[in-house]
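*Asks:* Spelled out, the chains give:
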Amino acid sequence: MKEKISKKALREAGSSYLLLSPTLFVLLLFIIGPILFAVYLAFHKVELLGITSFEFVGFSNFEKILEDTRAKIALWNTVKYVIIVVPCQTLLALVLAATLNAGLKGEKFFRIVYFLPTLTSSAVLTLIFMWMYNQNGLINNVLKLFGFPTYNWLGDPDVALNAIMIMNIWSTAPFFMVIYLAALQDIPDSLYEAAELDGANTLQKFWYVTVPYLKPVTSFVVIMGLIGTFQLFDQSYIFSKGSGGPNNSTLTVVLLIYQYAFKNLGTMGYAAALAFALAIIILVATLLQRKFSKEESLY
Amino acid sequence: MKKKFHIGKAILYTMLVLYAIVTLIPFLWALSSSFKNLEEIVSGTINFIPKDFTLDNYKQIFIEQEMFPRWLFNSLFIAVTVTLLNLLFNSMAGYVLARLSFPGKKTLFIIILAVLMIPAQVTMIPNYLILKQLGWLNSYQGMIVPVMINATFIFMMRQFFINFPKELEEAAALDGLSRFGIFFRIVLPLARPALAAQAIFVFMGSWNDFMRPLIILSDPAMFTLPLGLNTFKSQYISYWNYIMAASMVFTLPMLVIYVFFNRYFIKGISFTGGK
Chain D
1 MKEKISKKAL
11 REAGSSYLLL
21 SPTLFVLLLF
31 IIGPILFAVY
41 LAFHKVELLG
51 ITSFEFVGFS
61 NFEKILEDTR
71 AKIALWNTVK
81 YVIIVVPCQT
91 LLALVLAATL
101 NAGLKGEKFF
111 RIVYFLPTLT
121 SSAVLTLIFM
131 WMYNQNGLIN
141 NVLKLFGFPT
151 YNWLGDPDVA
161 LNAIMIMNIW
171 STAPFFMVIY
181 LAALQDIPDS
191 LYEAAELDGA
201 NTLQKFWYVT
211 VPYLKPVTSF
221 VVIMGLIGTF
231 QLFDQSYIFS
241 KGSGGPNNST
251 LTVVLLIYQY
261 AFKNLGTMGY
271 AAALAFALAI
281 IILVATLLQR
291 KFSKEESLY
Chain S
1 MKKKFHIGKA
11 ILYTMLVLYA
21 IVTLIPFLWA
31 LSSSFKNLEE
41 IVSGTINFIP
51 KDFTLDNYKQ
61 IFIEQEMFPR
71 WLFNSLFIAV
81 TVTLLNLLFN
91 SMAGYVLARL
101 SFPGKKTLFI
111 IILAVLMIPA
121 QVTMIPNYLI
131 LKQLGWLNSY
141 QGMIVPVMIN
151 ATFIFMMRQF
161 FINFPKELEE
171 AAALDGLSRF
181 GIFFRIVLPL
191 ARPALAAQAI
201 FVFMGSWNDF
211 MRPLIILSDP
221 AMFTLPLGLN
231 TFKSQYISYW
241 NYIMAASMVF
251 TLPMLVIYVF
261 FNRYFIKGIS
271 FTGGK
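These protein sequence lines are chains D and S, in that order.
Taking UniProt numbering, I'd label the letters of the first sequence as residues 1 to 299.
Taking UniProt numbering, I'd label the letters of the second sequence as residues 1 to 275.
The following block holds chain D by itself, in its conformation from the complex (with noise of 0.2 Å):
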C-alpha cells in the first residue's frame, strides 16, 4: 500500500516537473542567471570589443556612482518626474473613475474612449505629441491665440520634462482610472445612504466615503505608479533621440544605464552597478509608501 502511495506521489512529481519544464528553463537561463550574472557584472570591468573580458574591480562600479556628476542629474530628474507625476495620475485617475462611476448614461462609451492611450503604444503617443510639441505646433498655436506665452517644448531643458511629465500622466491614467473602477463597484450603496441621511453633499460623500473605502487600491495604484515610473525609458528615449537632452534635462536613471551599457565602450559593469542602485531605490520608495501608508489608515 505504501508503495503504491509513493508511487502515485513520484508520478505527480514526474508530471508537475513536465508541465513545469518551460518555465523552470526560461526562470534559469533568463531571469535567476541573469540576476546572479548581474551581480558578477557589476564587481567587474567589462570589455566587449575583441574577445570578452572581465577584470574584477571591487566596489570601484558602485564608488563611482558617487562622483558621477551625470548620474546625480539623472537621478534628479527622475525623482523630480516621479514625485510629480505619481500623485498627479492618482488623483486625475480616482477623479475620473469616480465621476465615470456616478451612473450617468453614456458612461460605457467615455469610457471606451478614455482607455484609447492605454492601447497606443508609447513608440507613437511620444510622436504624436512631439509633433503637437513642434515649435510651431498645435499646442504653442493654440496657447498664442489665447495669449499665453509659447514655449520651445522640445528644446528648452527647462521645460522638456514638464513636457514628458505631462504627456505620461495623460497616458497612464486611465489605466489606473479602470482599476479605481473595478473597486468603486464594490462600495456597498448602503455608506452612501448613511452619510446622505448625515446630510452630506456629493463633495463629502466622495471624501469621506469614497477616499476612505478605496486607501487599499490606491496603496497599489501608487505602488504600481512608483514602479513604473522610476523606470522612465522610452519617451525619454525617442523625445531625445537617445541623448537624454537637451542639456540632459530628460536624462532618466534608465536611459544612463542603457548609454552606459549598450553606447559606451567598456562601462558595462558600471552600468549593472546602477541598475542594482535603482532596483534598491525603487524598493525603498516601495517599502516607505507602504510605511506611510499604514501609519496613516491608523487613524
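Straight-line alpha carbon distances no greater than 30 Å define the calculated DSSO-like cross-link-like pairs of lysine-lysine that follow:
| # | chain 1 | residue 1 | chain 2 | residue 2 |
| --- | --- | --- | --- | --- |
| 1 | D | K7 | S | K106 |
| 2 | D | K294 | D | K80 |
| 3 | D | K45 | D | K72 |
| 4 | D | K45 | S | K132 |
| 5 | D | K80 | D | K263 |
| 6 | S | K166 | D | K8 |
| 7 | D | K294 | S | K106 |
| 8 | D | K241 | S | K132 |
| 9 | S | K166 | D | K7 |
| 10 | D | K72 | D | K263 |
| 11 | S | K132 | D | K263 |
| 12 | S | K105 | S | K166 |
| 13 | D | K7 | S | K105 |
| 14 | D | K8 | S | K105 |
| 15 | D | K294 | D | K205 |
| 16 | D | K8 | S | K106 |
| 17 | D | K241 | D | K144 |
| 18 | D | K291 | S | K106 |
| 19 | S | K9 | D | K108 |
| 20 | D | K215 | D | K108 |
| 21 | D | K241 | D | K45 |
| 22 | D | K80 | D | K215 |
| 23 | D | K241 | D | K72 |
| 24 | D | K215 | D | K205 |
| 25 | D | K144 | S | K51 |
| 26 | D | K241 | S | K59 |
| 27 | D | K263 | D | K64 |
| 28 | D | K291 | D | K205 |
| 29 | D | K105 | S | K9 |
| 30 | D | K291 | D | K80 |
| 31 | D | K72 | D | K291 |
| 32 | D | K215 | D | K294 |
| 33 | D | K64 | S | K132 |
| 34 | D | K45 | D | K263 |
| 35 | D | K215 | S | K9 |
| 36 | D | K205 | S | K9 |
Pairwise CB distance ranges, derived in the manner of DEER restraints:
| # | chain 1 | residue 1 | chain 2 | residue 2 | range |
| --- | --- | --- | --- | --- | --- |
| 37 | S | E66 | D | F292 | 50 to 56 Å |
| 38 | S | G44 | D | S53 | 51 to 57 Å |
| 39 | D | L191 | S | T152 | 27 to 33 Å |
| 40 | S | P253 | D | G155 | 29 to 35 Å |
Everything labelled a hint here was simulated from the structure, so no lab data went into it.
Using N, Cα and C, we set each Cβ at its ideal position, and we do this for glycine too.
With chain D fixed as given, assemble chain S onto it according to the hints.
*Replies:* Showing chain S alone in chain D's frame:
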C-alpha cells in the same frame, strides 16, 4: 433639491465631455495631419479639417520605406507567438502550483514572487550578453524565448486555479483521464476568461515594447514597429505628415482588437489589479 441634482449632473457631464476631448485631441490631430500635404504641415495652422485632403502620405510611406510591411510582420509574428506561449506555459505553471504537490513547490513559489520585484533593468544587461553568446541577437527566438513565461501571470493563473472547483477534475480522473488530459481537456477550456484577459495584456506588452527590441535588434530587417517608427522618424525628421500617417497605420491593429474585445480589457485590468 431636484434642481440641485440637475446642476450636479450637468457638472459631471461637463467633466466627462471635457476629458473625452482632452483624450481625443492628440489622436484627432494626428489623424488630420496624416491627411494633410507637407505645405500645410509646415505652415503651422491649427485646423483639424485638412485644406487639401490627400491620401498620398499613406501611399508614400510604403514607397519611401519598403521595410514597413516587414516590420508589421515581425511585430505581429513576435506578439502572437509570445502570447500563445505565455497562455500555455503560464497556465501550466499556475495549475501545477495551485493543484499538484511536488518537492520544491514552496521554494519555487517564493522565487516566482521574488522575481516579480526585480526590475527589468537588472536582467537586461546580462540577458543581452547571454543572447549574444547564444547567437540569438537579431533573431525571433531572441525576442520570444526570454519572455515566453511571465511571473505576474503565473501568479494570476495560480490564484484562478485555486478558486476553481475541484470536483470537475476529480470526476474526470474517475473517468480515467490522465493529469495531462485533465489539464488540457477540462481545465484549460474552462479557464477562458482568465486566458482572454492574459492574452490581451501579453499581446499589448509585446506589440508596444520598445526597450527590448532596441537592445536585441540592430538589423533593420528584424525591427518591430515601434523601433521601425522611431528610425523612420529620424530619417524624415520634418515630414510630420508621413510620420503621423505611419503612426496611424500602426495603431490600427490594436484599435481593432480593442473594439472587439474591450470588455475583456476592463475585466483583465480588474483581474490583475484586484488582487
